Amino acid sequence: MYKSWAVFVGILIAVMVTCNGFLANYVGDYISLIIIHIVGLATLIPILLFKRAKLPRLRGIPIYLFGAGALGVFMVFSSNICFNFLGVSLTLSLILLGQSITSCIIDHYGLFGMEIKRFQKEKLFGFLLVFTGIIAMLIY
Amino acid sequence: MLYIIFAFFSGFMTIVSMIINSKLAMRIGIFQGILINYAVGLLFSIVVLLFNYKSIDFSVDILYYIPLWACLGGAIGVICISINNIVIPKIGAIYSTLLIFIGQLSMGLAIDSMVGNPISKGKVIGGLLILGGMVYNSYIDKRDLIDCTVNHGAN
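One line per chain: the protein sequences are S and V, in this order.
Our numbering puts the first sequence at residues 1 to 140.
Our numbering puts the second sequence at residues 1 to 155.
With the rest of the complex left out, here is chain V:
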């Protein structure tokens, strides 16, 4: 249950940080903004580490055993942000959220089955229901958007 709340809460934080990022990008530029984010993030993770140093059982030897691909998460994150900066302005935030989710869900199901959580009926049906709900809500958003512009045009 704790993890469910964690994941939900990080969705909340994603939106807040998106808003902050867009404001920061307006002031200093998109990539400069991301640079600040990662630098602040690094500092903050060091602070977190220092507070928890007693609980850490780490030896440099481990670094030799890690497969290279496991270290690439940070790089993939930067690539995602860069593509997003091009794509989202072109197709709109509502539509891109939907499309991104389709990618996430299908790849997520594939990876889950690879790491030993077989694709269950419930996961597929659940995913489709989520998608259905999102499509419905984005349809309402879009309709309002059109209503707004039509009304403004009439005035």
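Just chain S, same shape as in the assembly:
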């Protein structure tokens, strides 16, 4: 049951990238960022009210924890541009490759206070497959 929900999230993500990409075509890359964030906030606030969530207290939170929002802006910006040039499936595949390599690096060195998990050389075979897959998508 939860498994089908995970697949559903994947479907939604592909739809989201398409919506955002089209929006960026209509109103431009920068204005689209603002619309996307406003719509997101407008969806989020009713959820917060419905859950009767308390307003967060921001004192004493290290400043870097606020950085994810800024990273998010770049992520939306780049997926909007890539959508137009690479299409949905290739963009998402490349993002996935970036994710898996990053998580291996973070795990290997224990960055950001994560537990150290050394890189297994066997995984190079998996990455080779992923890489070949992306080349195949690019060439054909």
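Do not rely on the hints blindly, as some may be mistaken.
Stated by the list, open to error - 27 Å max Cα-Cα, derived DSS-like pairs, lysine-lysine:
#, chain 1, residue 1, chain 2, residue 2
1, S, 117, V, 90
2, V, 23, S, 117
3, S, 51, V, 23
4, V, 90, S, 123
5, S, 123, V, 142
6, S, 3, S, 123
7, V, 142, S, 117
8, V, 23, S, 3
9, S, 3, V, 54
10, V, 90, V, 142
11, S, 51, V, 90
12, S, 3, V, 90
13, S, 3, S, 51
Hints are computed from structural coordinates only; laboratory data are not their basis.
Quick caveat, the model's predicted, so the values are computed rather than measured.
Given the structure of chain S, go ahead and fit chain V onto it with the hints provided.
Relative to chain S, chain V alone:
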């Protein structure tokens, strides 16, 4: 080529922001954390806009021509995060990444063909190869996880 690097780099950022988000969520709660993200994101996009205002050719009239569905990306994003918060703890990060990718890839191929990039053999084979590589790597991750717990149990 530039776009390929862009997409790859945003994968890198996705992971970094996931780590930051989980730390923020531990302090102030999941949805409050997302609220902060979107608020900071909005502020940041306004700053980006101000820096680039000269290059913008925008008139309010355009807003009338945009189909409604194109504006829903932000809302879909929030829904995705909410479902993820329920699903990922239940089935584990490794497994959910795989399943999410299956959804992304099949829907991505479908949308690509709808907007005029027909589904090519290379895209399907490429997607299957990517999936194969991911399954293989997650199998190694899982095996290590089990090894770890077994060893700890023995000690």
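Out of the numbered hints, which ones does the structure contradict? Failing hint: just 9.
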